[in-house]
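Trainee: Given next are the chains, with one letter for each unit.
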Amino acid sequence: MTLQHELPSTGMPGYNFAYLDETTKRAIRRGLLKAVAIPGFQVPFGGREMPMPYGWGTGGIQATASILGLDDVLKVIDQGADDTTNAVSIRNFFKQVAGVASATRTTEATIIQTRHRIPETPLQNGQILVFQVPIPEPLRFIEPSESETAAMHALGDYGVMHVKLYEDIVRHGRIATRYAYPVEVNGRYVMDPSPIPRFDNPKLHMNPALLLFGAGREKRLYALPPYTRVVSLDFEDHPFEIPRWESACAICGSTESYLDELIVDDQGTRRYVCSDTDWCETRAAVGEKTT
Amino acid sequence: MSALSCDTLLESRARRRADADEDSPENFSEATTPRPAWAAESPLLQAEHVTRLFGPEQGCQDVSFTLYPGEVLGLAGESGSGKSTLLAALSGRLLPEAGHVRYHDGKDWLDVHAVGESRRRTLLRTEWGFVEQNPRDGLRMSVSAGANIGERLMAQGARHYGKLRQAALDWLRHVEIEPARIDDTPGSFSGGMRQRLQIARNLVSFPRLVFMDEPTGGLDVSVQARILDLLRNLVRELKLSVVLVTHDLAVARLLADRLMVMRRSRIVEAGLTDQILDDPQHPYTQLLVSSILKV
Amino acid sequence: MYVAVKGGERAIENAHRLLAHKRRGNPEAPELAVSQIREQMFLAVARVMSEGALHDPGLAALALKQAAGDLVEAVFLLRAYRTTLPRFCGSRPLDTGEMRIERRISASYKDLPGGQRLGATFDYTHRLLDFALLAEGEYPAPRMDAPPPAASASAPEGDAVPHVMHLLAREGLVEEAGSPNGAPVSAPPPDITREPISFPAARAKRLQILARGDEGFLLALGYSTQRGYGRNHPFAGEIRIGRVDVWLETEELPFPVPTGEIEVSECEMLNQFVGGRGQPPQFTRGYGLAFGQAERKAMAMALIDRALRAGEYGEEAGAPAQQEEFVLAHCDNVEAAGFVSHLKLPHYVDFQSELDLIRTLRREYLNAQTPGPRPAHADAAHGEAHDTLEETHS
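Residue numbers (the numbering used here), protein chains in the order written: chain X, 3 to 293; chain D, 2 to 296; chain Z, 9 to 402.
Since the hints were made in silico from the structure, they are not lab data.
Careful: at least some of the hints might be erroneous.
Below, in silico cross-link-like pairs of lysine-lysine (DSSO-like), each with a Cα-Cα straight-line distance of 27 Å or less [as the list claims (entries may be wrong)]: (1) D/K164 x X/K166; (2) X/K36 x Z/K30; (3) X/K205 x X/K166; (4) Z/K73 x Z/K30; (5) D/K164 x D/K240; (6) X/K36 x X/K205; (7) Z/K30 x Z/K352; (8) Z/K352 x Z/K73; (9) Z/K352 x X/K97.
Reference excerpt, derived from the structure (chain X facing chain D, CB under 10 Å, subset only) [what the hints assert, rightly or not]: (10) G161; (11) V162; (12) H164; (13) L167; (14) V172; (15) R173; (16) Y191; (17) S234; (18) D236; (19) I244; (20) W247.
No experiment lies behind these values; they were computed from the predicted model shown.
Every residue, glycine too, gets a C-beta built ideally from N, C-alpha and C.
If we strip away everything but chain X, and leave its shape as in the complex, we get (with noise of 0.2 Å):
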């Protein structure tokens, strides 16, 4: 990921390197390094229009444009899975304009860009995640101005997380939130990990890898630093609880992934495969050979 100025080009004509022209990488590595610094606070940044659409993923597209190079190797996945047409699109992106190698095995990725998942294999030091972020902003469903949310952030006046937390419990029973679980981020931003399943989460607590997430339409970037603390928002009472299947994956026999449910007749009869495709077909592989 060294920074070279005259990138050879790459089969696509009349377009540079990754996309993006230098000088807008540059300025996205500007906001990422900024990010790194202040774990979980968002920087704005010059974000660009994208040859996919908004809400498709162009934050993390960018900040994946911004840090390619010749020699990484970049795995897509979309709902944990690198076949979902959204990852072979932004795949195929990537091939098209960077021609840089790509794979399906997690540890064979330098550079992962994800949407709503974090994969099941443990990353490396070294490895770097990138997540589409659709809304960036943990607060914006209780504050909708932007001015005020900043406020809120920067003086760290966040009890009214915990008042939505509250209103769940009241509700429900239980913090009934699923997905894009808020977290605390090093003990002073609240962050949105994006929409990953709060299953998830505590991948995100001192992770070895650096992970980075890109807003596009918002125009946001943040990131998590290697070992960053990272605690999911709870009462003492409720504590934050991961959620477990009752039964394995139908093809890998998997019981601690995530699991997609499929709906496999006109009964309605349900089955269950990891939506981790890449772990699903390591285990597959493995169990085949011991059997």
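Keeping the supplied structure of chain X fixed, place chains D and Z upon it in accordance with the hints.
Mentor: Positioned in the frame of chain X, the structure of chains D and Z alone reads:
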């Protein structure tokens, strides 16, 4: 702060007060009004020549006073006299163009407008309260009564759902709202109940100083009486200091120890409430008093 | 063993091939040339350029062809292309006072220096479908040998016509504009494409966002101010459409360089203001500018510009069109279309979480209906509370 029972908090308050008594400042001598009996303690709030004008005689100018712990100071005057502007300036919501407002936080004197937004917000959700005339402005209308009461505690770090609920139930009882309504939103409450909920929401953190802007304005007379009664008891029980804006001298008579009468942005008369109401000196105060006595 | 559906890559490829077929339509009809779109659908081209924030009629026409006439899609194509263009330098502010006028009207004065000029307009046409246009190729073309009629009217093309606002400003009847027309601006204006907007926004930033804003959204909001949601009593002080020179200021050269001319539509609204806050009574103004011939857009923009200035004049600002964050955060159709369309993307994971929750809650609800121990969280009093109305006043 996880221990939320009223007793514990009251104790800690008492301790804080005791600490505060030890370093009483000598710089601020009271000149304008006679020093009342309870003024043995050090002052809590000091206004010095506070001025904020929007036009000639619109707003407030040259207002000075000292407020002591446990004291209720009434601000009376007709609408447009500058009461609400003064209240906004005192509570840090509005920056005065001249003068200072100082608050003693138990240790030091703070310039309310110079301490910065962060400290001011912290004050407003801990040691201070603000009761709005319209409870809609002071409540979160979309969340339950319990959450409304619990918000200050959560902002201060309370993280025990059960204890938060217990505090909310206690406070609903204090302000005479049926505890069973704890999970209802204020939208289903009557005007009087909303106002009492707003009072509970403010008092749950046991503030030392509460600003009230016409707390009974817009309510029926019978509802008013009940709230005034409630406020009087709470003020005594919790030893609250209050700056109370009212256009209604009857409200002032009931709640305020001391009274300042405002007219056209200036204080025209100040003193003990009973003295002023029984023997008004300024012609405008005389007019006000005579108009209420007729009722 | 169940095998999850694969082949997203194939599906995408096929979908795009299908789209290419549909775009071409029936091959018996002749294919549209980009030049035809540029020349004959110039109003669509203008809109795509404005909202795409790139003045290039050729590329806008290409975008329209590629998008099969979907304007928002064409705007998006142009914006995405704009991202890849390096920025060399900025231009001087356009001097619309030096505009070579094609159309110029004022609703405030019957006659004024420079006169009224209708230009090419749909105004006063009767909206009757013209079936003569159906006869492709045989329809008698407008006589191209004679000069277009407008050029022969009052002032010959090329004469500068003074702004109505200047006439009023001379008497102090209207507030001064932020910076005098054409004069070089000392500090470079902010650029919303380089630094993200923060609120409250400077007027320069607001106007930039409105200029790229969706015409339909701005039109509806502008309309709402006329119907009383933030009424500001507008008069169309002046609408002018024509060509203006673009001058570049480069770091290398000590003088500005002309790079050509572009067509723009400009609207200056005059709005009532009675004075106050230490200002004498005078008219206030709202401003709109768009590429090409786009006066509906320019007028809507001017209405909203004025509505968003409510705070400057101490006006009550409760209507939607007066809410800066609301208007500016939602007027960009590339952002809006993207975020609405992203609902089509898979949300399996989030949905799965919700599914689990709803199943659990339903189970608890149904258990609570049948006699037996209630779940721990249900407060004993909850539910019955509503029966006792504690207070009957108010």
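Trainee: Quick check: which numbered hints come out false for this structure?
Mentor: 2, 16, 17, 19, 20
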